[in-house]
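S.K.: Read off the chains here:
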Amino acid sequence: MADLRTNLAGITSPNPFWLASAPPTNSGYQVQRAFEAGWGGAVWKTLGDPILNVSSRYAAVHFNGQRVAGFNNIELITDRPLEVNLKEIYETKKRFPNHAVVASLMVEPNQGAWHEIVKKTEAAGVDGLELNFGCPHGMAERGMGSASGQVPELVMKQTNWAKEAAETPVIVKLTPNITDITATAEAAVQGGADAVSMINTINSLAGVDIDTWLPIPHVGGKGAHGGYCGPAVKPIALNMVSECARNSRINVPISGMGGVSNWQNAIEFMLMGASNVQICTAAMHHGFRIVEDLIDGLSTYLDDRGILSVQDIIGKSVPTFSDWGNLDLNYKVVARINNDVCINCNKCHIACEDTSHQCIDMLNDPSGNAILQVREEDCVGCNLCSIVCPVDGAIDMIQLNHEHPPMTWNERQTLIGSLKDKKVSK
Amino acid sequence: MREHQHYLIEREKIDYFIDRGYRIHGITENLSGAFIEFRLKDNKTDEESTEILHIQTPDGRKYFSALLLKQIQTVS
Amino acid sequence: MSSLESSIQKELQKNFTEVIPSLTNQEAFQESQRCLYCYDAPCITACPTGIDIPTFIKKIASGNMKGSAKTIMTANPVGASCSRVCPTEELCEGACVLNHTTKPILIGNLQRYATDWAIKNDQVLFKQGQPNGKKVAIVGGGPAGLSAARELALLGYDVTIYEAESEAGGLDTYGIVSFRLPKSVSLWEVEQVQNLGVTIKTGVKVGEDIPFDEIYSMHDRVILAIGMASVPNLNIPGEQSSGVYDAIELVKKTKAAPFPTELKDKKVVVVGAGNTAIDGATCSVRLGAENVKILYRRSEQEMTAYDFEYEFAKQDGVEFRWLTQPIEILTNKEGKVEGIKCIRMQLLKAAQGERRRTVPVPDSEFIIECDAVIKAIGQKRHLHFIEELGLAHKEGVILINNETMETSNPKVYACGDVIFGKGQGEAMVVSAAQQGKTAAYHMHESLKESYTA
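Residue numbers (my numbering), protein chains in the order written: chain E, 98 to 523; chain B, 1353 to 1428; chain X, 714 to 1166.
Only part of the chain E face toward chain B is listed, based on derived beta-carbon distances under 7 Å:
| hint | residue |
| --- | --- |
| 1 | E474 |
| 2 | H501 |
| 3 | R509 |
Keep in mind that the hints were calculated from the coordinates and are not lab data. Don't be surprised by glycine CBs; every beta carbon is placed ideally from N, CA and C.
In isolation and in its complexed conformation, chain E is listed as follows (with noise of 0.2 Å):
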């Protein structure tokens, strides 16, 4: 069996497989629960001055009866004292010295509030402080969480004044709710951090009733904003992970999550850049059993390929992640159907005649059948009929030979260029 032992700027862990803070970490008695599952490791729920909940806190965004595609909360920090925490996270490293706990911290931006929760947090045994700067609702009204993880100075300066003070790897946890991640990345790399960690939540509303016309959730008949994870921002948190990991001025390993939901999603994340994972609403949806099958099929992943370690999966993929600019716009797909197995639900059809370049036809065969047919000089490989049937195998993406050499935009740009003082006059 592979190794799946993970270290993170010196955080190790049995697996690559961490609940991410939140409410499922909220207690010793979840996760020393958790880590009898298999979990390899915890960020708590954020330490910091104890909160006040409201009631009705979480909503969940259900699509087309699939449950909990997406999910949103207004909860807060923990609203438990920072000893009660504090000596459950003894108790808790004590039972399971190789899992790693990580506190997740939040205080106001101020060096001495920074250097109090350091130290103490650090007196309890934790391997490693998580800060929290990405909390985008409650906490973030109060100037804290991703009110500073969106002002790339705060980032840093805060980041240095944790690490003053800070015996053990310092992440730090950055919010999405920025238009470039990679700016706060950066901010936590100069302020010292051995390690970041994202995503943290997307500010979101998770629904109005159509019937009450109340914000869902709502708290007395009022809702606020909330934070918005689980399988719905995979691709959002992938990205900005991917954009870190190939960005060289971010040199620190990378926790990443949002919305991992299965060793598959774990995997892509390793891929592009991550050295571990963070679970939460897989977690909250189905229990903490779900870390054995995280656990196996990462592991037969690895075994099917003869791949030894976890650790040599990480970053693989990075290198194939660039900009739109350096795609060779000489690569050519189109769609192939083939008619044996399509079921004639002519989905691609009008998908892509609506929608895309009309290059399905709907014919009948010599023997009268109805058939589907790409006509594959209009098909622009676009993807869209393949993504939309319904049976596996009835349309492939072929790529065709190239007709001209590769050559991607910033190429062409380059060599149109090159032609400069010799602009067509028109």
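Keeping the supplied structure of chain E fixed, place chains B and X upon it in accordance with the hints.
M.R.: Below, chains B and X alone, put in the same frame as chain E:
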């Protein structure tokens, strides 16, 4: 007419000049697509004739880019 | 009613409640999500009334129940009944593309779910059209007649239905067993038509209670949707004895309480192997018969009942005696049935394009003991009435222009079972509904100029 047909016509026009020894001299791209300036030098008279083609289809614009690459590579 | 009787009635009531449970909200939602929402969907083409099935299913999925019911009922004025009685595996569900991958969408059950919602929620789905001053009489208030009436009412016609029975709905109200189609569903459809201003004169037998000519002269057009008549005689001795029933009459008696009790603990023999025979047999089982046998002079392969009906009967414990031809009903001294004498048959090779014929096996008579005989060998035609009207017909099947439903009298249209047979028409309720629509549209075409001009 399908876009592919447009492309085939444009390609034919481009090939027409290339086959007659014209070289791509300049390219201007704007909201209307691309304008290629072809030039052909008469070796005897040293006179240059100029032709301009308006290329609208994306495949046409990829096509002349490939030809331009070839032209530059043959020179160097 | 004694307490014993009322407890028996209660038990029978239970036996006659719908056998297929309606989908729960969650089942319906999940099933509706499974629909691929095909473009140019084959299920629509497979539906004789052309219900836009993907649309009504997507509306269930989106929670637009009224829109869903309306989509169904727009295409098929007896869509609630059809959701229960259509041979869906031969129609919409048989055409579902998911037959090629997993399993077809439960279209019939979803259609029932949507129409049940409309029934339960007392929805008004349609509005009467602007009156156009034209009058149409429809003879017969079954599926075909109701369907024609609904379409004509939407177009603004003044429509009167003449119905011989005490309630309209025809086959749906009286002829289909309650445990498949409760009477209330059919009566809801009748009510929908009435709500559009259609007058339904029940208990009026045209040709007896009111001369056809009177109706003909009072209206601009007449539609005949008179269906078929009672089961023909077996033409064997003993047929008039007590204990011999007409399957259609028997089913009719079970459509409302009080249920007949005379078959309880009896041995019943049903003659015939069509859907009506199955109905007669399964009704007998549910009325408490001790043993029910279906006798058919041909074999399993030739039986005309739908596969699902056959399966259903077998599950109800109905026994089948193939290649068995009754030749005499035997009675006791009181004239009550005590057995049926039969003869074995054998099938001959079929002549080109013909049904296989049977001939008796010599000296193979035998007796089946029974207390009741139910005749279910098809239905007679209203031959006499049709002849009186002077319409072209073939052995009681009114001949029509297949496209327009026009009879030999251009002012008279016909649809439903009255045109079924002799290679014309279809026996299904859903076909009758479509024919009613077709008759209405063509009649409208023919009349339109006279009042829009």
